[in-house]
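Asks: With these hints in hand, go ahead and build the complete structure from the sequences.
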Amino acid sequence: MSVDSAVVRRIAHLSRIAVEDEEVERLRGELNAILAFVEELDAVDVSGVEPLTSVLPMKMKKRADVVTDGGIADDILVNAPEREDHFFVVPKVVE
Amino acid sequence: MTEPTHLTLSQARDALKARTLSSTELTQAHIDAIDRAGALNCFITKTPELALDCAKESDARIARGAAGPLEGLPLGIKDLYCTKGVRTTAASRILDDFTPTYESTVSANLWRDGALMLGKLNLDEFAMGSSNETSAFGPVVSPWRRKGANGIDDAKIVPGGSSGGSSAAVAAHLCLGATATDTGGSIRQPAAFTGTVGVKPTYGRCSRWGVVAFASSLDQAGPITRTVRDAAIMLRSMAGHDPKDTTSVDAPVPDYEAAIGASVKGRRIGVPKEYRLEGLSPEIAALWDQGVAWLKDAGAEIVEISLPHTRHALPAYYIIAPAEASSNLARYDGVRYGLREKGRDITDMYEKTRAKGFGAEVRRRVMIGTYVLSAGYYDAYYVRAQKIRSLIKRDFDLAFAGGVDAVLTPATPSPAFALGEKGSSDPVEMYLNDVFTVTVNMAGLPGLALPAGLSGNGLPLALQLIGRPFEEETLFALAAALEQAAPKIKLPAAWWS
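Chains G and C, in that order, are what the protein sequence lines are. For what it's worth, this note's numbering labels the leading residue of the first sequence as 1, then goes sequentially. For what it's worth, this note's numbering labels the leading residue of the second sequence as 1, then goes sequentially.
Fair warning: there could be bad hints in the mix.
[As the list claims (entries may be wrong)] Listed next, with one range per pair, are the computed distances between beta-carbon atoms: (1) C:H6 / G:F88: 48 to 54 Å; (2) G:V24 / C:E25: 54 to 60 Å; (3) G:A64 / C:I346: 54 to 60 Å; (4) G:D4 / C:A494: 51 to 57 Å; (5) G:A43 / C:I346: 40 to 46 Å; (6) C:K265 / G:G70: 53 to 59 Å; (7) C:R276 / G:M1: 47 to 53 Å; (8) G:V66 / C:I302: 52 to 58 Å.
[Stated by the list, open to error] Taking lysine-lysine and the BS3-like style, the derived pairs with C-alpha atoms no more than 25 Å apart in a straight line are: (9) C:K273 / C:K387; (10) C:K17 / C:K56; (11) C:K244 / C:K273; (12) C:K422 / C:K156; (13) C:K342 / C:K356; (14) G:K61 / C:K387; (15) C:K244 / G:K62; (16) C:K490 / C:K156; (17) C:K147 / C:K488; (18) G:K92 / C:K356; (19) C:K46 / C:K56; (20) C:K342 / G:K92; (21) C:K352 / G:K92; (22) G:K61 / C:K393; (23) C:K342 / C:K352; (24) C:K273 / C:K84; (25) C:K84 / C:K56; (26) C:K156 / C:K46; (27) C:K296 / C:K488; (28) G:K61 / C:K244; (29) C:K273 / G:K59; (30) C:K342 / G:K59; (31) C:K46 / C:K84; (32) G:K59 / C:K387; (33) C:K490 / C:K147; (34) C:K296 / C:K265; (35) C:K156 / C:K488.
Please keep in mind that the hints were generated in silico from the structure rather than gathered at the bench. Keep in mind that this is a model prediction, so the values were computed, not measured. Glycine included, every Cβ here is placed at the ideal spot set by N, Cα and C.
Replies: In structure tokens:
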């Protein structure tokens, strides 16, 4: 499989990464090089094989459903590019 | 007396214990060495005042007999580990001046045991790279130089990646040891390129909490040091159960150092025939044969094994790792921390922030990851790759079930190369560096790289040992035997200072 420039733009948008028109052609080439590299996997017989979900035979640990942390709003906001009181500020979302 | 920066970590530990050296002297010697080594660009952030304050406290603790196992030893920390109150960048512009209000579990474990931090080490951006050339803070230069037709060449050599700052700083004696992380080879390949020892522990051995995530099912923390013993000492402090990481394993941490010098007589070492790749360089093949001979001399038994799905590991990795990365890196949106670029609406703000904040390699991997997870492609790419991952793991399971204690392979397909020499036109050329290391991450196994000789052009070459899950002790015993047998390789005179 390979991607064309329309697909490159669609992936970029899904990734929330702006691409300039002049970048699309280069990206198309690079992404297709990677897709060509992984193409050999199509030939591997995977019938009856389960996808691996954990490298170790371990059960997902679950902790008690209780509050263990909190009350640190100042810490959480300290690195925000824009904040007001205990809120993150973003551009207007709803008209 | 030996220059303090020329001690190994274990020698420095013993000198501090014997009170023939103070942590303040040891730390100051390293700070001076770092200041002279600007040309290597190993550090993104230096913390000399913090280091000297900690050294003073360590000296006081040593004086009153309350020293921890790593008391007063100065280390470098890969700038992927969050450090409380010290800027953490992941070598990316997108994190900007991010200063964590918390400490990663692994670095906290080191401080608990008395170690101190000299600064934050350079790396490939978000640990994505094999040469440290994708860092937003410029490439790291290896202290090694290669020989050309007319003697020593002054071409700048890459230190490997992604833990290139860690490997170069340890090789150049700027710190006694360093933390690193390994997703597809990022500890072992830079160790191989710089003549240092690198250990990627079993998945789950070290907590991932507080380490900037790349591909969570593959990422693992580990040390880079100058000797096998030093790696064993560091790993004992780094490892351990952490309730904050659900994949961290609740099993006791052995005294890895006790395995150094243990007999390897009768150990069964697997040599996988599929690693003898078509076109494998004759000097790498010869190094591998030499490693086999050294282990045989030490009394180990060598058996040929088959890991038939080896060749599919790297392509499958380049589906799984970008898929996980695209998900992990979704958090960098210009809202909660890091860079923000203004946009006409929130989507435009996200897109501009991420376009400006991520470098080319990171953008490429996020896009590939997004593609292989997108509707219509998920089964064809992602699920298929996860099935192939099962086959890769099964290969190892069968070899170990057949009685093999560890596997010996080369660490990299070539010695280090010069800056700008690889991957500029085709990203896949750079990816091939990890062909021998990536299987280990796919199967969650422990792996260790150690120096074993020099290439024809005078650069380090390394062997890799792969172990059964949680049998790092076996790797340390075997690596110590190889280290004993291998010629001591010598770094060129300090041209950088």
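Asks: Against the structure, test the hints numbered earlier, and report the numbers of the ones violated in rising order.
Replies: 3, 7, 11, 24, 29 and 30
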